[in-house]
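S.K.: Each chain, written out:
Number of protein chains: 2
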Amino acid sequence: MLIPKSHPRAVSLHIREKLVQGYRSGLVVEEGLMAHGRGETFDYLIGEKTSKNALKAIKAAAKTLVLAKYPVISVNGNFAALCPKEIVNLAKIVGAKIEINLFYVTEKRKRAIANLLRKNGAKKILGLDPRSSRKIPKLDSARRVVDKNGIFSADVVLVPLEDGDRTLAMKKFGKKVITFDLNPLSRTAQSADITIVDNVIRGMRILIDISKKLTKKKNLKPDRFDNKKNLAEAILVMKNNLWRKAHA
Amino acid sequence: MLIPKSHPRAVSLHIREKLVQGYRSGLVVEEGLMAHGRGETFDYLIGEKTSKNALKAIKAAAKTLVLAKYPVISVNGNFAALCPKEIVNLAKIVGAKIEINLFYVTEKRKRAIANLLRKNGAKKILGLDPRSSRKIPKLDSARRVVDKNGIFSADVVLVPLEDGDRTLAMKKFGKKVITFDLNPLSRTAQSADITIVDNVIRGMRILIDISKKLTKKKNLKPDRFDNKKNLAEAILVMKNNLWRKAHA
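Chains V and F, in that order, give the protein sequences. Here the working numbering is used: the first residue of the first sequence is 5, the next is one more, and so on. Here the working numbering is used: the first residue of the second sequence is 5, the next is one more, and so on.
Next up, chain V with everything else stripped away, as it sits in the complex (with noise of 0.2 Å):
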């Protein structure tokens, strides 16, 4: 669709037509669509960049995903429209396993994300043999199937754009759960260990240049990181720019 150059908004209406793309093409589900327009407004509320508290978040993230001894990343299909080249290099960097996992299931979404992914250069993609399926407890919706060699074995897993029932019912289940969500207030983001709130395109990318750059060191420690007080900046942040923007 042509979107005019003169519109002011331009740069956030092509990353919508890749979302769009992505729907086209059997990744995203008319839910996701709208999950990606939820995070857009929180997204200019945070003023479209990388804020202090989501730097922090993604530096905790990135020890934690290099020091962990099983780490996973879950993709669904808004992550895998949005950044699949991502996925597969931060999986590459911390030695994580790659596992599709879904809200809405289809047999044909789970493959046409898994070709994109393979497309994108990953080797090994989890969460497709339905053999290999084991159940999270305590969880009611379509997604507490998990792969037994990926979620279910995990110690760290990391979840971006993630509904709340589903981060509790990980935590519950004793993993470390690292997410990127837009909205701090949400469920997701208040029970995750380490909340990323940026945009995933954005956040990624810098949680994988620092990430290569960690697995070089020697002696690495965990971080001690404070979710809610992360969180709380992230609100402060977004307090300001609603004051900011009324008085441009």
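In short, the hints are calculated from the structure, not lab data. Remember, it's a predicted structure, so these values are computed and weren't measured experimentally. Take the hints with a grain of salt, since some may be wrong.
For chains that are exact copies, the list does not tell them apart, and a pair is met inside one copy or across any two.
List of simulated lysine-lysine pairs, DSS-like, C-alpha gap at most 25 Å [claimed, not checked]: (1) K217 to K67; (2) K249 to K56; (3) K56 to K243; (4) K249 to K176; (5) K175 to K249; (6) K53 to K243; (7) K139 to K73; (8) K139 to K180; (9) K142 to K176; (10) K249 to K53.
Place chain F on chain V using the hints.
M.R.: Just chain F now, with coordinates in the frame of chain V:
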């Protein structure tokens, strides 16, 4: 799709499903689904209820519509999908024309929207006959095309869920513009004469009730309404809610 009853945002999820249905029946485009998501976040920030300032704007809008000589309601896909009955009711009460006017135009979409409006009792629908089309000057998107018996001739136009370019162009073209926009910072919100910062389903129902009462009144005089001040109040509501939610 199955929404788990235990999900704490089931109501919001069901409204989303309404829009997904609208998408599947050809009323709504992918971009419209994302726009709905953006609105959802703002609705969440105003506390998912009609604020005092929104009510003030609705009252001013009702009076303006009732007093208008040639009011027109501009309908796009999302607006039709969310409240077709309310559109037809409001048009009857205030004696407004209904015009279908789309950003992403296809004849098929126009027909789908027209059919839904007719099913909900609309008699005459403008914006369908190419022989009546006229152009709004200084606008490069497809939406510059309007109906000569509709928006082109109107004194007051209700254009909910609008894009900024068009609102500005209509203003320059001498129209009095009333809009629903959940983003008080948007160009549409900032340039309209009356901006109702409210969920369009909630707001339209109140607008109908108030308009109905006003049509029975004699010697109705136009309201003094300060849109900028009202928008500043909407921003304050969001700021305070962000804070309240963060400390709940």
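S.K.: Please go over all the hints and tell whether each is borne out by the structure.
M.R.: So, going through the hints one by one against the coordinates:
no. : hint         : in the structure
1   : K217 to K67  : within (10 Å within a copy, 63 Å between copies)
2   : K249 to K56  : both (19 Å within a copy, 22 Å between copies)
3   : K56 to K243  : both (15 Å within a copy, 20 Å between copies)
4   : K249 to K176 : between (40 Å within a copy, 24 Å between copies)
5   : K175 to K249 : between (37 Å within a copy, 22 Å between copies)
6   : K53 to K243  : both (15 Å within a copy, 20 Å between copies)
7   : K139 to K73  : within (21 Å within a copy, 64 Å between copies)
8   : K139 to K180 : within (17 Å within a copy, 58 Å between copies)
9   : K142 to K176 : within (9 Å within a copy, 58 Å between copies)
10  : K249 to K53  : both (15 Å within a copy, 23 Å between copies)
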